[in-house]
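Spelled out, the chains give:
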Amino acid sequence: MRSLDHLFEHSSRSLARRTSRRSLLASLGQLLTGAALLPLLPVDRGGRAWASDAKSGGPETCEYWKYCAIDGFLCSCCGGTSSSCPPGTASSPITWIGTCHNPGDGRDYIVSYNDCCGKTSCGNCECNRNEREKPVYRPSRNNDLNWCMANADSNYHCTVSVILGVAEK
Amino acid sequence: MRSLDHLFEHSSRSLARRTSRRSLLASLGQLLTGAALLPLLPVDRGGRAWASDAKSGGPETCEYWKYCAIDGFLCSCCGGTSSSCPPGTASSPITWIGTCHNPGDGRDYIVSYNDCCGKTSCGNCECNRNEREKPVYRPSRNNDLNWCMANADSNYHCTVSVILGVAEK
Amino acid sequence: MGCLMRSAPLRSAATLCLTLSVLAHAAPPPLPAEHLTVQQLPPKSPHWVYVYDEAFNNEIDARVHLFDGDSYRRLGQIDAGFTPSVNLSPDGATTVVATTYFARGSRGARTDVVEFTDNTTLAVTGEIVLPPKRVETAPSLFNIAYSPDGHFLYVAYLTPAASFGVLDPAHGKVLGEIDTAGCVLVIPSGPNRVSSICESGRLLTVTLDTQGHEAARALSEPFFDPDRDPVFVQGIPTTRGYAFLSFLGEVHEVDLSGTRPAFAQPWSLVSPAEQGRWRPGADQVGAIHRALGRLYVPMHQGGEGTHKDGGTEIWVFDMPSHRRLASWPVQAAGLSRVLAVQVSQDPAPILFAASNAADVAVFDALSGKLRHVEKHLGQTPWMMLNP
Amino acid sequence: MGCLMRSAPLRSAATLCLTLSVLAHAAPPPLPAEHLTVQQLPPKSPHWVYVYDEAFNNEIDARVHLFDGDSYRRLGQIDAGFTPSVNLSPDGATTVVATTYFARGSRGARTDVVEFTDNTTLAVTGEIVLPPKRVETAPSLFNIAYSPDGHFLYVAYLTPAASFGVLDPAHGKVLGEIDTAGCVLVIPSGPNRVSSICESGRLLTVTLDTQGHEAARALSEPFFDPDRDPVFVQGIPTTRGYAFLSFLGEVHEVDLSGTRPAFAQPWSLVSPAEQGRWRPGADQVGAIHRALGRLYVPMHQGGEGTHKDGGTEIWVFDMPSHRRLASWPVQAAGLSRVLAVQVSQDPAPILFAASNAADVAVFDALSGKLRHVEKHLGQTPWMMLNP
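Residue numbers (the numbering used here), protein chains in the order written: chain W, -15 to 153; chain C, -15 to 153; chain S, 72 to 458; chain Y, 72 to 458.
Relax, there's no trap hidden among the hints.
Computed footprint of chain Y on chain C, listed as stretches where at least three residues anywhere in the stretch have a Cβ under 8 Å from a Cβ of chain Y:
no., stretch
1, 66 to 75
2, 84 to 91
3, 145 to 151
It is worth saying that the hints were derived from the structure and are not from the lab. For glycine and all other residues, C-beta sits at the position ideal for the given N, C-alpha and C.
With the sequences and hints as input, model every part of the structure.
Structure representation (structure tokens):
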């Protein structure tokens, strides 16, 4: 199977010449929001990568596996977690995505990098990793953009990384 | 003679019980503005403290003698000099004052600390010295206040120190 | 297994792909998709601390960091604008920030406003626009303060004329402004009294009526000599009022529980031999554990003019006996000079100390044992508040 | 001599006191009273540089520092708000900042606005309010840009729909908005052409009529492969257009002097043995001295995903011959990784290099000799512009 990753890329490429960026990325935003709202399946989470939540290499360090394409402040160091925004902020409905390798289970995962918005920059745990990151002409793969851009309060505070699913090789 | 310093203090004390702070400090502001606008007298400035304008101990260092009661960013490091505001800023008409000893001529000088206003904090050469500095209940001797408070653009950028005259012992 | 469903609507295709790929692997199962949420705060702890960060190098972006002295985690942030006045409501439920915004960041139309943040969500729940008179100065508990019953909110003004605003936080209204004849700041006591510190060393106490208007005012005798030995305005809450430390280390305890301030006989932090050589000095110059009667003061060696230099040691005093119990050098904890201290009010108290390198140390407040140093908790942490 | 003229008006008394005390001492005379002034900028120098400081930890307070590479002095500051787009007018007389303000600092009503600063006074002289669509991204020369004749000003929008605004800076007006069908940023050429970079590796070029409305558009052939080896968007001005560097170190020279872009055969910064191991990487990935034909690139060792890691060396190339002339390790200059480079365009050029520790180094651009390191020139200097 081609990964969701590639599906996105293909779709965006083929659509880019025919439709405006507005409608394309609006769909993408909806899609990712939808994906992030998938119900948690009853899968045992113990004993794998989650066990590495220790300080060293854990979600409060830039080296954490899910952060392979993050550029910003880790919400884990700002009152949130690796997948939750700090209290009083709002998550961005539109995002960029990355594909990160989890050494805990040997799988590649598709990760959505949502910005958390509505407070000034957290200023803690700046992390800049760019695996498969692309310049702004490929927005869905770009981490330079302020993805709070479409929020009512569009100020950037920090960034989370949310597992969307496994990226099949 | 009592110094201008003491004159101010006496006046402000005696006035404080009778008048509002508004009228008092308005007068003080006018006075200091007036003083700062005194014409430069044709006095030879060579060979004394001004000769110490070298980097070490000069106007770009916190140790410079005129800065004995400054709390803020030195305008000398922000595009101004020890007595001029950086380009594009406006000086505060109201100030606090200090009395500083100039080792170059052995005299004490009365110095007006004007804030330069209308741009965000310069962030360079922070300097916090407090000789004879007093808490905010003695505003004319207090360097914690944002003295840009009465400017049209009241944002604080940096601070200058302007010689008003000799403080006689 | 393929997911190249080009003709299917994008949303359905992706959802199906995800579901299938999650289910397709039996052992070990892959990590599930995650929910993106907004974090809830844990229940309030006495070991939390609200850290006022002036962000002096970028002063339009001050903020308050909520930090947990047990887990050593930052719990969240409250934005605070330019040279804000910050305090908590008496019940601890609300952080109140009076601040100034400019229409163009650092320029343009000025708006002074009080913002209310719900401390259980860290969301701003309301605001009251002020006249553009708010005092813009170093932090203290008296730049903005609630009446002890929470009914009134007082905001210190300085234009440089000194006055204060009386606000009704429940109804989001400015009730009025009271001229203080040159006396500054707002020190609340009782349900309806506000004291201000005067240049003469006196307290001006204004009593309000139920509408928040002035009913009476009284000027106290001087309780310190502003020429010889001025007090810091950063008063420290005691059981019945506040303690004010002087530049030379005198402790002036002010009892505000009655209708008129009562001043205890001052006592000294320093011995006669130490006086003028060891001094208190900082932005937040002391903290008191009220039940234990312990006072913590950052102290340093230095002469006149060093009163903001920050402490190289933290001295611990027993308030009733005026005895010094300990002195803790902060360099041993890897700290540079201490600019602010705060102590939790619970039976197992911790002492927070913020340095001029923006580090916040967590000490056992009984033993002085260092537990943690949080590096760079903001840019310029100058005051800390208990929850 | 006494000055206790209590009954005299304060102003006269003080003036007299000052005058008398100044005159009373014959030898040595005391320092005269000083005038408080606002500093004038010296005449413009090619060795000035405008340093874009994102102030990332306090991102609503970005600013541009004007720094002199000869005197090593900061000459002034231009405030820039939140994730600004910054550029200079073709004549260097104006700094243009497109930025975003919120009514409550980090919250509330959003205002996007273009602000014009007179570079001889560093005062803001005007503004144009924009629709709230401005791209908020890493700095480049193509987030906002003037037409070469200064007649039009183009502002890149991304909402995330991609378009750009056409402004008339002389009359302070927004003339219109042009949809770019997913292609991004504004690369000006000629009096009335704007190119944008497309996801497909092509350039979309829109030609404007005299009213700033679209007259024609054309899509080029792809000039790079965005899958195999994307280019950085931080194009470097050449004599006839821009050079774009790719992640793997290919140099794509684009000639924009004609009505359609012309693409030269790409050449490589790295040898076949170095390819994939040594890479360009930074925020501002290169600088070109146009008269000398020299290209300066911060280079580092690293694999895929390190394209923003910043340079450990600065490599110098002769553009016509594609020959590498030198490689200068930056650690020898006491610098950490270099995120941005700029070179002055005069015959005795200096090279500026900004590090990820916010230091800006000044090198002789011919010899590589280090002249100065300015520590902490702001918080996060990510781009530099020549005057």
